[in-house]
Amino acid sequence: MQLKNTLTRYGALAQLFHWVIVVLIITQFVLALRAEGLSPIKKIGVLGTHKSIGITILVLAVLRLAWRLFNPVPPQPRGIPRWQELGAHVSHFLLYALLFITPVLGWLMSSARAFSVSWFGLVTLPDFIEPNKAAFERLRDLHEFMAWTLATIALIHLAAALKHHFFDRDDVLRRMLPVWERDAQS
Amino acid sequence: MRIHQQLRYLLILVLVCGSVALAATKWNVQPQESKLTFVGSQQGAQFTGAFDRFTADIKFDPQDLPGSRFDVKIDMASVNSRDSERDDTIKSDDLFAVKQYPSARYVTDRFTAKGGNKFAATGKLTIRNVTRDVPLEFTFESKGGSAWLKGGAQLKRLDFGVGQGDWKDTEQVGNDVQVNFVLLLKP
Numbered sequence: 027m028q029l030k031n032t033l034t035r036y037g038a039l040a041q042l043f044h045w046v047i048v049v050l051i052i053t054q055f056v057l058a059l060r061a062e063g064l065s066p067i068k069k070i071g072v073l074g075t076h077k078s079i080g081i082t083i084l085v086l087a088v089l090r091l092a093w094r095l096f097n098p099v100p101p102q103p104r105g106i107p108r109w110q111e112l113g114a115h116v117s118h119f120l121l122y123a124l125l126f127i128t129p130v131l132g133w134l135m136s137s138a139r140a141f142s143v144s145w146f147g148l149v150t151l152p153d154f155i156e157p158n159k160a161a162f163e164r165l166r167d168l169h170e171f172m173a174w175t176l177a178t179i180a181l182i183h184l185a186a187a188l189k190h191h192f193f194d195r196d197d198v199l200r201r202m203l204p205v206w207e208r209d210a211q212s
Numbered sequence: 518m519r520i521h522q523q524l525r526y527l528l529i530l531v532l533v534c535g536s537v538a539l540a541a542t543k544w545n546v547q548p549q550e551s552k553l554t555f556v557g558s559q560q561g562a563q564f565t566g567a568f569d570r571f572t573a574d575i576k577f578d579p580q581d582l583p584g585s586r587f588d589v590k591i592d593m594a595s596v597n598s599r600d601s602e603r604d605d606t607i608k609s610d611d612l613f614a615v616k617q618y619p620s621a622r623y624v625t626d627r628f629t630a631k632g633g634n635k636f637a638a639t640g641k642l643t644i645r646n647v648t649r650d651v652p653l654e655f656t657f658e659s660k661g662g663s664a665w666l667k668g669g670a671q672l673k674r675l676d677f678g679v680g681q682g683d684w685k686d687t688e689q690v691g692n693d694v695q696v697n698f699v700l701l702l703k704p
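Line order of the protein sequences matches chains Y and E.
Using my numbering, you'd call the opening residue of the first sequence number 27 and step up by one each time.
Using my numbering, you'd call the opening residue of the second sequence number 518 and step up by one each time.
Bound-form chain E, shown alone (with noise of 0.2 Å):
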């Protein structure tokens, strides 16, 4: 008797324990309303531009942050800056270098509570094959199940080697570039 007891607790111990690791929902990233997007600037004139195509894996729960997490693929040949020339020019060889590098992929590690909405990520984005450590802000708002998910990320081009040659001079083309994405989740 005092075997099966144990045991009983043993296997409610399991299952809340279990039901907390799997409590961070899965979402489905509605693709029509998300956008991944960036800011670069040249000759001090900010442009914009998307990835037209991305995949992102997102668990998340604001009361399961150890159990949260983004993996984020991207498609690097579906820049869009509307010009396709300047997207043939970041998709060359000194530049994105799609033929060798195709996609390009941010993990997360830890995410942080910063109050209300809002919150941080720890994660390593790889571009290029190079891997950085890139923070993230983002705010989480759910309404009626479904839930947007709004953020950004500020890099370095050069720290990925997003410029070789003659593109390392930052004077022509600036080397910050803002990431953002809205990303609208549904269960």
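Chain Y on its own, in the form it takes in the complex (with noise of 0.2 Å):
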């Protein structure tokens, strides 16, 4: 498997980086909605986990995107209704813009609450905000509120992918399955 992306197939580093974000981003989920109603040990331990995965996804997504800016992906298989084609593009025009704007709004409302984010204990992040605790309210509710429309718009995102795979029998998602190149052709 190539490292860059072809005409036919997403490469290795862009799979990567596509697969590598969808565990990430679940794992957020499950842990997000673990910490509610934990003691406030174990919610400090929890939540400094989900925005370690948080700060790393915003790292990813900066990494992915500069990728794909000097790396074209596969064109769309030909002749897809125009509306669909807009709808890909729509669906993965949101999805990059969520993977930043959902990390941010989590950092700012960390810094609204005075609990600065750390990467893993290895770096403390600047708070662009100081504590308040309106400004928190609104941050927390544009962070779920964000992280639903990015769990929806994946999930759609998913739909559309197996609906190529097993009713227009296209290669739309095997290309971004690190399957070898001969079975690929199969």
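Calculated directly from the structure, the hints in this document are not laboratory data.
Predicted model only: the values in this text are computed from it and were never measured.
A few of these clues could be false.
For each label pair, taking beta carbons as the anchor points, the in silico distance ranges come out as [as the list claims (entries may be wrong)]:
#1 K68/Y <-> Q671/E: 50 to 56 Å
#2 E156/Y <-> D592/E: 20 to 26 Å
#3 D605/E <-> L203/Y: 47 to 53 Å
#4 N545/E <-> L89/Y: 54 to 60 Å
#5 L675/E <-> E170/Y: 33 to 39 Å
Heads up, incomplete: computed chain E residues facing chain Y, CB under 7 Å, no partners named [stated by the list, open to error]:
#6 F555
#7 Q559
#8 Q560
#9 A562
#10 T606
#11 K608
#12 G680
#13 D683
Glycine included, C-beta positions come from ideal geometry on N, C-alpha and C.
Assembly of the complex is requested from the two constituent chains, each provided in isolation within its own frame, with the hints serving as guidance.
Written as structure tokens, this is what we have:
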């Protein structure tokens, strides 16, 4: 498998970015939902990990977008309806946007709560806003809204990939899977 | 006559010694400008807090360290980490336990000059009824009658039992706490 994208499939690095971010986002939901109702010290631990992973996603999103800029993605399959092509572009754009927006809102909401973000205890991130309860509550609501929006679009994205694979029987899903070239040809 | 002269010397001696003992100025701490703060850590990220209410009896004279003394009483329920939920947690039984132990106290034993306007002190800090030796380092800058006393101390919260049960774990909440103070003193 090549590192770079080809005309027919995503390269190893693009796939790595995609699937690592998928796993991290699922982890984020598990941690955030588990944190509710935990004792304060356990909550500090779980949310600390949630914040560290969130910053990891933010950094990966930056790297992923940079890689994409220098490495065009494979074109959409020919002959798909215009609305589907447009839908794919819009949902990919929104998914990228939310990969930035959601962690940044989480970062800001932590600062607003006077709980600075540490990346796995190694780097402490600066606080761009002063502690403020009202701002915290607004940012928390926005962070949650963006997270659920991200989950919704990701599920539509998944449904579309499965539809391409099982109904249209094209290689839209397969080209994002780490299968070897000779398997892909079968 | 001789007796009178001896008495006069004695009187002078008593006055000199007495005035030396009284020389360490008793200062008035200005609450508006004075701050007692701390830096703790959770998940590797530092957070700062303050004690909004404390009283400090400060007798200090760089020329009379033996006569100098700090006696600070801290209202533990006045802890303010800029998040009320965290403050409630800090005040709870496993940490400050403010219901049982409403105040902490620090009293100095001995001062040493460190050159210039730098000084160090040894003293005893009592939190949750646990008393430990805690050294201080500070600077004393007097300007036109008033003075700034600025310094700090490092301590470990678990030395004082601040952290029972799950809170004994220092992975999430660090053991090291830096305490800082800035006091504006007026005569």
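Against the structure, the hints:
no., hint, in the structure
1, K68/Y <-> Q671/E: 50 to 56 Å, "violated (27 Å)"
2, E156/Y <-> D592/E: 20 to 26 Å, "holds (25 Å)"
3, D605/E <-> L203/Y: 47 to 53 Å, "holds (50 Å)"
4, N545/E <-> L89/Y: 54 to 60 Å, "holds (58 Å)"
5, L675/E <-> E170/Y: 33 to 39 Å, "holds (35 Å)"
6, F555, "violated (13 Å)"
7, Q559, "holds (5 Å)"
8, Q560, "holds (3 Å)"
9, A562, "holds (4 Å)"
10, T606, "holds (5 Å)"
11, K608, "violated (12 Å)"
12, G680, "violated (9 Å)"
13, D683, "holds (5 Å)"
Hints 1, 6, 11 and 12 from the earlier list are contradicted by this structure; the remaining hints agree with it.
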